[in-house]
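Read off the chains here:
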Amino acid sequence: MPIDWSVLVEYKDYFIRGFWTTIELTTVAVLVGMVIGLILGLMRLSRSRWLIIPAQLYVDIFRGTPLLLQILAIHFAVIPTICEELLGVKPPEAIVSGFVALSLNAGAYIAEIFRGGIQSIEKGQMEAARSLGMTYGQAMRHVILPQAFKRMLPPLGNEFIALLKDSSLVTIIAVNDITYAAFTTAKNTFERWAPYIASAALYFILTYVLSRIVFFLENRYRTDRQEG
Amino acid sequence: MKKWGVLILSLVLLFSLAVTGCAKNDAGAGGIVKVGTDAAYPPFEKQGGDGKLTGFDIELMNAIAKAGGFEVDIQHAGWDPMLDAVKNGKLDAGISAISITDDRKKVYDFSDPYFDAKQLILVPANSSVKSLKDLKGKRIGVQTGTTGEIVVQKTFGKTYQGIKGYDDTPAAIDDLANGRVDAVVADNGVVLEYLKKLPAGKFKKVEDPSFEPEQYGIIVKKGNKELLKKINNGLKKIREDGTYKKIYEKYFGPMQ
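So the sequences go chain by chain: A and B. Position 219 (the first sequence) corresponds to 219 in the working numbering; numbering is contiguous. Position 254 (the second sequence) corresponds to 254 in the working numbering; numbering is contiguous.
In isolation and in its complexed conformation, chain A is listed as follows (with noise of 0.2 Å):
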């Protein structure tokens, strides 16, 4: 069967849309959840008991549920419900519902990296750096992190990836990011492939380009930072 690709020319403001939409999303994703999941990561590896379960049963939740129904469940029931009855306000825009659901998600993902990251560095670290006087808090920010980072880029990476992805699932709340103009296109149109393809080709040249920034960030900390 012949490909359309005439379609694109007739719907390429729905694409460019999505472009940029696919990037904001995952950009936001990416830094609040980096935010969220080194408070959580902490929160997991601290001695309170009353830190480690709200933490653990966070990510517990997050990981442990389809983001398709987070992203629902937020934006039909979370959403609304804070908006309406305890702010007595209109609820946002879509892609604000789709902000938050991704930014939790990828909280929860990363809080696993982080914590790893920094279960990896070994014990002497911590205590050398505070025999010579360092809190808890210098110990982790001179010593600890910076180590713990450059293990964490690899998975981080992984995830920043999975992440563009996933974010096409906001197309279910009418957010109009990539998958939302090929859906669009070929509803419309009855003409599948070219859309589909196109938006591959999009997702392709965003995740391609991710993974070039991870691997150039890779690279510098392994030059410049020599373990020992």
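Rather than coming from a laboratory, the hints here were simulated on the basis of the structure. Mixed in with the good hints, there may be bad ones.
[Stated by the list, open to error] Here are the computed lysine to aspartate or glutamate pairs in the DMTMM-like style, where the Cα-Cα straight-line distance is at most 20 Å:
no., chain 1, residue 1, chain 2, residue 2
1, B, Lys106, A, Glu93
2, B, Lys246, B, Asp84
3, B, Lys105, A, Asp4
4, B, Lys138, A, Glu93
5, B, Lys229, B, Asp112
6, B, Lys154, B, Asp208
7, B, Lys202, A, Glu10
8, B, Lys158, A, Asp4
9, B, Lys222, B, Asp84
10, B, Lys158, A, Glu10
11, B, Lys106, A, Asp4
12, B, Lys202, A, Glu84
13, B, Lys154, B, Asp182
14, B, Lys154, A, Glu85
15, B, Lys87, A, Asp4
16, A, Lys165, B, Asp167
17, B, Lys136, A, Glu93
18, B, Lys138, A, Glu85
19, B, Lys229, B, Glu212
20, A, Lys90, B, Asp182
21, B, Lys158, A, Asp13
[As the list claims (entries may be wrong)] Listing some non-contacts, in silico: residues in chain B with all C-beta distances to chain A over 12 Å:
no., residue
22, Gln47
23, Lys52
24, Asp80
25, Leu83
26, Lys133
27, Ile150
28, Pro199
29, Gln215
30, Asn224
31, Leu228
32, Lys236
By construction, the Cβ of each residue, glycine as well, lies at the ideal position given by its N, Cα and C atoms.
Using the hints, position chain B against chain A.
Relative to the frame of chain A, chain B by itself:
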């Protein structure tokens, strides 16, 4: 060696799975007309908890087959797979509240129309909207790929920022209920069905006389005149003997 054995075994398994999958799609041609539907559009078609298909389209299709003297096997395929399967002949026909449009006529042959549909605008009860034009600059929820979306695109442009395309109409109506869209444009059959479930007095429907009347038809693969004739015959018969009226009134109330 053991590793290779496992690898080959899994490949064989995978392959046989794929083959049985294909076989299932192609088999069963023997005189039974295979009809696909997207059973997620009440009251036209829906799937019960037991997997049974019900709805106006389903009953109608069965009645048409009975009157037209052929056997049908109606199966839930999903919208896109249904369209695809009818296009390449894996399914003989499709019935799924499919509006007859010029674009679709290029790809499929349509039966005679069997249902008059029109678009309705659903807005909150206190809204001042009187026609589609009043929705200029506002956010409009539609179901992606339906004529509701096409109507909005025609009025405000194909890439109008305010169009929010949902996977199904109920999701669009949910977002109307919580204020994320200002209106929903959808087929009358579905809007009226959904209005029954919503709290009374919260929403109202607006009819825009400028909306072109639409009709639903049954699609067959382009050029399948033989099946088309059988379907049209059956449809004509059930219209004449009152079966059509009976089914219509069961779902939509008295016929005018």
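Comparing the hints with the structure gives:
| no. | hint | verdict |
| --- | --- | --- |
| 1 | B/Lys106 with A/Glu93 | 37 Å, violated |
| 2 | B/Lys246 with B/Asp84 | 32 Å, violated |
| 3 | B/Lys105 with A/Asp4 | 17 Å, holds |
| 4 | B/Lys138 with A/Glu93 | 13 Å, holds |
| 5 | B/Lys229 with B/Asp112 | 10 Å, holds |
| 6 | B/Lys154 with B/Asp208 | 14 Å, holds |
| 7 | B/Lys202 with A/Glu10 | 38 Å, violated |
| 8 | B/Lys158 with A/Asp4 | 19 Å, holds |
| 9 | B/Lys222 with B/Asp84 | 12 Å, holds |
| 10 | B/Lys158 with A/Glu10 | 9 Å, holds |
| 11 | B/Lys106 with A/Asp4 | 14 Å, holds |
| 12 | B/Lys202 with A/Glu84 | 16 Å, holds |
| 13 | B/Lys154 with B/Asp182 | 18 Å, holds |
| 14 | B/Lys154 with A/Glu85 | 37 Å, violated |
| 15 | B/Lys87 with A/Asp4 | 15 Å, holds |
| 16 | A/Lys165 with B/Asp167 | 19 Å, holds |
| 17 | B/Lys136 with A/Glu93 | 18 Å, holds |
| 18 | B/Lys138 with A/Glu85 | 24 Å, violated |
| 19 | B/Lys229 with B/Glu212 | 27 Å, violated |
| 20 | A/Lys90 with B/Asp182 | 12 Å, holds |
| 21 | B/Lys158 with A/Asp13 | 9 Å, holds |
| 22 | Gln47 | 19 Å, holds |
| 23 | Lys52 | 26 Å, holds |
| 24 | Asp80 | 7 Å, violated |
| 25 | Leu83 | 6 Å, violated |
| 26 | Lys133 | 22 Å, holds |
| 27 | Ile150 | 7 Å, violated |
| 28 | Pro199 | 15 Å, holds |
| 29 | Gln215 | 18 Å, holds |
| 30 | Asn224 | 17 Å, holds |
| 31 | Leu228 | 19 Å, holds |
| 32 | Lys236 | 28 Å, holds |
Figure legend: structure checked against the earlier numbered hints; hints not met, in rising order: 1, 2, 7, 14, 18, 19, 24, 25 and 27.
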